[in-house]
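K.L.:
Can you build the whole structure from these sequences, using the hints too?
Number of protein chains: 2
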Amino acid sequence: MGKNKKLCIIFLRLLALGATLSAAIVMATSEDSTTVLNLTFDAKYDNSPTFVFFVIANAIASAHTLLVIFLPSNGLFPLIVVALDVIVTLLLTSSISATLAIAYVGKKGNAHAGWLPICDQVPNFCNQLTGAVIAGIVGVVIYMMVLLHSIHSVLNPLLF
Amino acid sequence: MGKNKKLCIIFLRLLALGATLSAAIVMATSEDSTTVLNLTFDAKYDNSPTFVFFVIANAIASAHTLLVIFLPSNGLFPLIVVALDVIVTLLLTSSISATLAIAYVGKKGNAHAGWLPICDQVPNFCNQLTGAVIAGIVGVVIYMMVLLHSIHSVLNPLLF
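These protein sequence lines map, in sequence, to chains A and B.
Residues 1 to 160, numbered by UniProt numbering, are exactly what the first sequence covers, in order.
Residues 1 to 160, numbered by UniProt numbering, are exactly what the second sequence covers, in order.
The reader is advised that the hints may include incorrect statements.
Said to hold, decoys possible - Straight line, CA to CA, 20 Å or less: simulated PhoX-like cross-link-like pairs of lysine-lysine: (1) B/Lys108 <-> B/Lys44; (2) B/Lys44 <-> A/Lys108; (3) B/Lys108 <-> A/Lys44; (4) A/Lys44 <-> A/Lys108; (5) B/Lys44 <-> B/Lys3; (6) A/Lys44 <-> A/Lys107.
What the hints assert, rightly or not - Each pair of labels, with its calculated beta carbon distance range: (7) A/Thr35 <-> B/Ala63: 47 to 55 Å; (8) A/Asp42 <-> B/Ile134: 33 to 41 Å; (9) A/Asn124 <-> B/Met145: 43 to 51 Å.
No lab work stands behind these hints: they were computed from the structure.
Just so you know, these numbers come straight off a predicted model, no measurement behind them.
Ideal Cβ positions, reconstructed from N, Cα and C, are used throughout, including at glycine.
P.N.:
Put into structure tokens, the structure is as follows:
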């Protein structure tokens, strides 16, 4: 693999690290409170298991990226990296889809189920959540690009 | 590829077709109604965009499987099949995660957001939804097995 290509992949992995790490941190620090009839309600990420899953998935992806940058690129390591990249991409896709589904109910509510939207009451919480989801989507898109490249570079020495 | 292996993969694909098709049909036919204070409420899959996404994703996966079974296995076709398998696996993972997230709120509610569980009111709807999710999970697991095999069989002639 050319040195430029290698540097380009490390750059992409660092970008992915930045995206998944900020997604996890922004989600984990999201908080807002509202007062209804003298009662104060707190909105935090750990109020929903889906948001906790989102933080864990992005933390795992960040740890994976850090690990992969320092792994040697000889022997069986590239194959292991491709396998791990596939698993982490599936994990990120799953956590973002679940978070989007819950965030949509938080934003629009669901009249049929009698679930009211909560974003008007806790706007700061919803804004941070939106930021976290955008960072998460950026992360998974970079992951998919890196994955395409790692599959190609594992195939490459066999093809040519 | 040996004839037995080919038959085994077609068998797995037919199983996946059965699973994704039943997931789509069971979800699309899920319905229940409840009467509260003389008002009747209907619970249907199209009350939530997440459940509609689930039906569409499983329908796409079913169509993909049907198409792939009749595709020839020479030239560039196996590579195209691997690429499509990856996309469909991501699509199924995404739809099942989102559906599980919403189904969990339907089952347990979310006290922090003031969302009440609805499964006690519409048990038949929840049971059908559970069946659809289980069929969906079976489908995506078989898809992952087929994907592993197709990646292996694309690599195989290059490796040996």
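K.L.:
Confirm or reject each hint.
P.N.:
Checked hints:
1. Pair hint B/Lys108 plus B/Lys44 holds up; C-alpha atoms about 19 Å apart against a cutoff of 20 Å.
2. Proposed proximity of B/Lys44 and A/Lys108 is supported: the alpha carbons are some 18 Å apart, at most 20 Å.
3. Between B/Lys108 and A/Lys44, the direct Cα distance comes to roughly 18 Å. Compliance with the 20 Å bound is thereby established for this hinted pair.
4. About 19 Å separates the Cα atoms of A/Lys44 and A/Lys108, which keeps this hinted pair within 20 Å; it holds.
5. With a C-alpha separation of about 45 Å, the suggested pair B/Lys44 and B/Lys3 falls outside the 20 Å cut-off, and the hint is violated.
6. A C-alpha spacing of about 15 Å is found between A/Lys44 and A/Lys107, which places the hinted pair at or below 20 Å, so the restraint holds.
7. Against the hinted window of 47 to 55 Å, the Cβ-Cβ separation of A/Thr35 and B/Ala63 comes to about 51 Å, which satisfies the hint.
8. Between A/Asp42 and B/Ile134 the C-beta distance comes to about 35 Å, which sits within the given range of 33 to 41 Å.
9. Remark: the range hint 43 to 51 Å for A/Asn124 to B/Met145 is upheld by a beta-carbon distance near 44 Å.
Taken one by one, the earlier hints fail for this structure only at number 5.
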